[in-house]
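Could you build the full structure based on these sequences and the hints that come with them?
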Amino acid sequence: GDSVTQMEGPVTLSEEAFLTINCTYTATGYPSLFWYVQYPGEGLQLLLKATKADDKGSNKGFEATYRKETTSFHLEKGSVQVSDSAVYFCALTGYSTLTFGKGTMLLVSP
Amino acid sequence: DTGVSQDPRHKITKRGQNVTFRCDPISEHNRLYWYRQTLGQGPEFLTYFQNEAQLEKSRLLSDRFSAERPKGSFSTLEIQRTEQGDSAMYLCASSPSSGANVLTFGAGSRLTVL
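As you go down the protein sequences, you meet chains A and B in turn.
When the count follows this note's numbering, it moves up by one through the first sequence with no breaks and lands on 111 for the last residue.
When the count follows this note's numbering, it moves up by one through the second sequence with no breaks and lands on 602 for the last residue.
Hint data in this document are derived by calculation from the structure and do not stem from the laboratory.
One should not assume that every hint holds.
Per label pair, the in silico range of CB-to-CB distance [unchecked claim]:
| # | chain 1 | residue 1 | chain 2 | residue 2 | range |
| --- | --- | --- | --- | --- | --- |
| 1 | A | 62 | B | 546 | 28 to 36 angstroms |
| 2 | B | 564 | A | 21 | 38 to 46 angstroms |
| 3 | B | 506 | A | 23 | 37 to 45 angstroms |
| 4 | B | 560 | A | 95 | 17 to 25 angstroms |
| 5 | A | 72 | B | 502 | 42 to 50 angstroms |
In this text the structure is predicted, and so the values were computed from the model without any measurement.
Glycine included, C-beta positions come from ideal geometry on N, C-alpha and C.
In structure tokens form, the structure reads like this:
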């Protein structure tokens with residue numbers, strides 16, 4: 002079945018550091034790929050998405066590129082802020098439902 | 489548009505009791521999903537509806553769990569004879585039936601079984 006593997010956290014960075022959170026997937030067909038973010042005490046929010054190979058999703062300075070050849074969708078940001086501290090979930094969807102990774106906690110210190 | 493609403497936000501119950509959660513999706517969304525999230529894990533799919541039809545159920549949804557969406561609007565998730573292992577956050581999400589299945593999630597209902 003479909004699955005998503007994310008790097009384990011927590012990822013601890015200083016403000017303005019470069020961020021990469023790795024995500025790889027296993028799926029049949031051609032899934033759409035997503036990053037969701039969960040801030041403390043809040044619900045899951047869509048951060049960005051990509052629907053086909055080589056698409057780049059971007060939002061709020063975050064980017065991720067759909068790499069079919071490596072089955073990856075790594076999340077990057079050039080300069081993180083304290084307000085980016087949250088749990089980040091990589092997910093994929095085939096026809097109807099989302100399959101999530103376990104999540105990666107990001108902690109950014111001033 | 490008030491987003492996806494879930495009620496109650498937190499429920500504490502004793503083992504063996506029944507609990508029911510309600511979800512009000514975004515009004516123009518005809519798909520509604522239930523997920524369960526435990527500490528340190530990603531959300532796990534439970535079931536989804538297209539309008540009032542329940543189209544898919546995960547094997548995680550044991551016989552003690554039942555979900556309904558009687559008029560294709562709000563949905564309820566009932567857990568009978570709760571067990572301590574049912575303690576989790578129950579998430580509801582909705583989406584339109586077209587597009588890339590972008591789900592909008594509610595804030596969740598946290599269940600604690602004592």
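Going through the earlier hints one by one, which of them does the structure break, listed in rising order? none
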